[in-house]
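Number of protein chains: 2
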Amino acid sequence: MLITSVNNEKIRELSKLQIKKYRDIQNKFLVEGDHLVNEAYKSGYLLEVFVLDENKYDFNNVDKIIVTPEVMKKLSEQETTPDIIGVCTYINNTLSDSNNLLILDGIQDPGNLGTIIRSAVAFNFDILLGSNTVDIYNSKTIRSTEGMIFHINFVKDNIQSFVMYNDKYDYYIADMNKGVNIKDFNRAGKMVAVIMGNEGNGVSDATRNIINNYVHIGESDKCESLNVGVAASIIMYELGDK
Amino acid sequence: MLITSVNNEKIRELSKLQIKKYRDIQNKFLVEGDHLVNEAYKSGYLLEVFVLDENKYDFNNVDKIIVTPEVMKKLSEQETTPDIIGVCTYINNTLSDSNNLLILDGIQDPGNLGTIIRSAVAFNFDILLGSNTVDIYNSKTIRSTEGMIFHINFVKDNIQSFVMYNDKYDYYIADMNKGVNIKDFNRAGKMVAVIMGNEGNGVSDATRNIINNYVHIGESDKCESLNVGVAASIIMYELGDK
Numbered sequence: 001m002l003i004t005s006v007n008n009e010k011i012r013e014l015s016k017l018q019i020k021k022y023r024d025i026q027n028k029f030l031v032e033g034d035h036l037v038n039e040a041y042k043s044g045y046l047l048e049v050f051v052l053d054e055n056k057y058d059f060n061n062v063d064k065i066i067v068t069p070e071v072m073k074k075l076s077e078q079e080t081t082p083d084i085i086g087v088c089t090y091i092n093n094t095l096s097d098s099n100n101l102l103i104l105d106g107i108q109d110p111g112n113l114g115t116i117i118r119s120a121v122a123f124n125f126d127i128l129l130g131s132n133t134v135d136i137y138n139s140k141t142i143r144s145t146e147g148m149i150f151h152i153n154f155v156k157d158n159i160q161s162f163v164m165y166n167d168k169y170d171y172y173i174a175d176m177n178k179g180v181n182i183k184d185f186n187r188a189g190k191m192v193a194v195i196m197g198n199e200g201n202g203v204s205d206a207t208r209n210i211i212n213n214y215v216h217i218g219e220s221d222k223c224e225s226l227n228v229g230v231a232a233s234i235i236m237y238e239l240g241d242k
Numbered sequence: 001m002l003i004t005s006v007n008n009e010k011i012r013e014l015s016k017l018q019i020k021k022y023r024d025i026q027n028k029f030l031v032e033g034d035h036l037v038n039e040a041y042k043s044g045y046l047l048e049v050f051v052l053d054e055n056k057y058d059f060n061n062v063d064k065i066i067v068t069p070e071v072m073k074k075l076s077e078q079e080t081t082p083d084i085i086g087v088c089t090y091i092n093n094t095l096s097d098s099n100n101l102l103i104l105d106g107i108q109d110p111g112n113l114g115t116i117i118r119s120a121v122a123f124n125f126d127i128l129l130g131s132n133t134v135d136i137y138n139s140k141t142i143r144s145t146e147g148m149i150f151h152i153n154f155v156k157d158n159i160q161s162f163v164m165y166n167d168k169y170d171y172y173i174a175d176m177n178k179g180v181n182i183k184d185f186n187r188a189g190k191m192v193a194v195i196m197g198n199e200g201n202g203v204s205d206a207t208r209n210i211i212n213n214y215v216h217i218g219e220s221d222k223c224e225s226l227n228v229g230v231a232a233s234i235i236m237y238e239l240g241d242k
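Chain order of the listed sequences is A and B. Just so you know, the working numbering puts 77 at position 77 of the first sequence, and the rest follows in order with no gaps. Just so you know, the working numbering puts 71 at position 71 of the second sequence, and the rest follows in order with no gaps.
Mixed in with the good hints, there may be bad ones.
Okay, the calculated bits of chain B under chain A, using three or more residues with CB under 8 Å as the criterion [claimed, not checked]:
no. : region
1   : 111–124
2   : 212–220
3   : 225–236
To be clear, the hints were calculated from the coordinates, so they are not data collected in a lab. Fair warning: this is a prediction, and the values are worked out from it, not measured in the lab. Virtual Cβ for every residue (Gly too), placed ideally from N, Cα, C.
Could you put together the complete structure from these sequences and hints?
Structure, rendered in structure tokens:
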């Protein structure tokens with residue numbers, strides 16, 4: 001199939017996937033560029049691809065639509081238009097039985113979320129996305145994951161009700177200085193769930209009201225705070241094998 | 001003083017500071033917003049400020065110039081024009097006697113450099129910026145440091161000649177899997193210097209030719225690599241107190 005008009009109905013529908021509301025309605029999201037499309041394909045989430053060059057890509061059982069650079073530009077959210085864009089189905093995911101958990105309570109920066117997802121895959125943590133956290137299917141988040149969005153176990157849930165109904169974890173708020181230094185942390189037996197708060201305001205009051213255990217990273221008093229993606233990564237690195 | 005024209009000669013000169021070449025000629029750089037200007041002032045690097053509101057800011061012995069929103073926009077590199085922009089003198093810096101060292105061999109993303117600087121301050125590492133690394137005075141780098149640019153000890157140097165002439169450190173390349181797992185690392189006695197490579201290509205051949213010791217972060221084989229800012233931070237966190 002060949003599409004040359006940016007006003008083509010299919011293109012107009014798919015370009016709406018740049019907005020969360022329409023992603024949630026269609027249960028689909030877009031990925032741009034070779035690497036992400038390949039990862040989507042290998043993971044079984046790739047529905048169809050839009051390409052500039054008919055001969056450059058071939059995926060079994062995935063529809064290929066040839067488009068003009070103008071159409072590609074309409075679908076793309078990047079300054080430099082990619083050679084390929086893939087349409088993916090929303091990822092059907094559950095938490096694993098054996099992994100620890102990172103709970104994100106209001107992370108707003110898509111780059112931070114992407115970085116956290118890469119680290120969570122590296123250190124065998126699952127992720128719970130609180131309802132006030134940036135969308136995992138945001139295009140900047142997806143790019144920052146470097147494809148790890150297809151390898152992370154994640155769920156979206158209300159943090160307070162999740163904590164109430166899941167007693168397989170011991171819950172800890174990551175704080176600037178309260179609680180146990182993670183170097184001295186010993187797991188009590190249950191899996192560990194660590195809550196990271198918003199970049200500016202930290203963990204929400206609603207969460208603080210139900211969790212009273214804290215962990216912190218020992219650091220110099222010169223540095224007000226680490227980047228939240230770095231802090232989350234260090235905590236997962238340190239607690240992951242305890 | 002009041003400046004209302006974007007064509008004012010002073011404003012034209014200062015707006016050139018958005019480009020590295022002109023920063024290096026004038027030995028000055030710009031910082032935007034309350035927090036960074038305050039950090040610059042407290043650290044003694046603030047030369048003058050440009051403000052929209054005459055009554056909002058007051059710094060002892062720092063010239064204050066009132067400007068129009070158009071002039072502020074001309075000086076600013078952000079989408080949302082700030083209330084204040086400060087002109088700072090280049091930071092006169094040396095390495096400390098007691099800190100470990102992080103050597104950056106081709107880090108290209110200004111956000112990554114900023115994140116690394118925050119973490120280095122937190123974990124008492126100094127930084128050597130190799131000649132192929134993004135400029136520390138890049139506006140995105142400065143913003144990502146969250147003010148820690150005024151607290152980090154750093155030098156810019158050719159990595160190969162630095163290594164040749166500085167034997168107070170034991171040098172290690174941060175690798176994906178070669179060498180010692182940082183959890184098992186024991187410092188031999190000297191200070192430690194760890195080299196982080198470029199986001200895509202890793203450590204340069206020139207550096208690999210002169211250093212044969214490696215460290216790596218133990219991680220799941222599902223994750224091709226951590227974000228370089230995260231990897232550098234975890235290494236500094238782990239080696240900082242050994």
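Verification of the hints:
no., hint, verdict
1, 111–124, "holds (count 8)"
2, 212–220, "holds (count 4)"
3, 225–236, "holds (count 7)"
Checked against the numbered hints above, the structure violates none of them.
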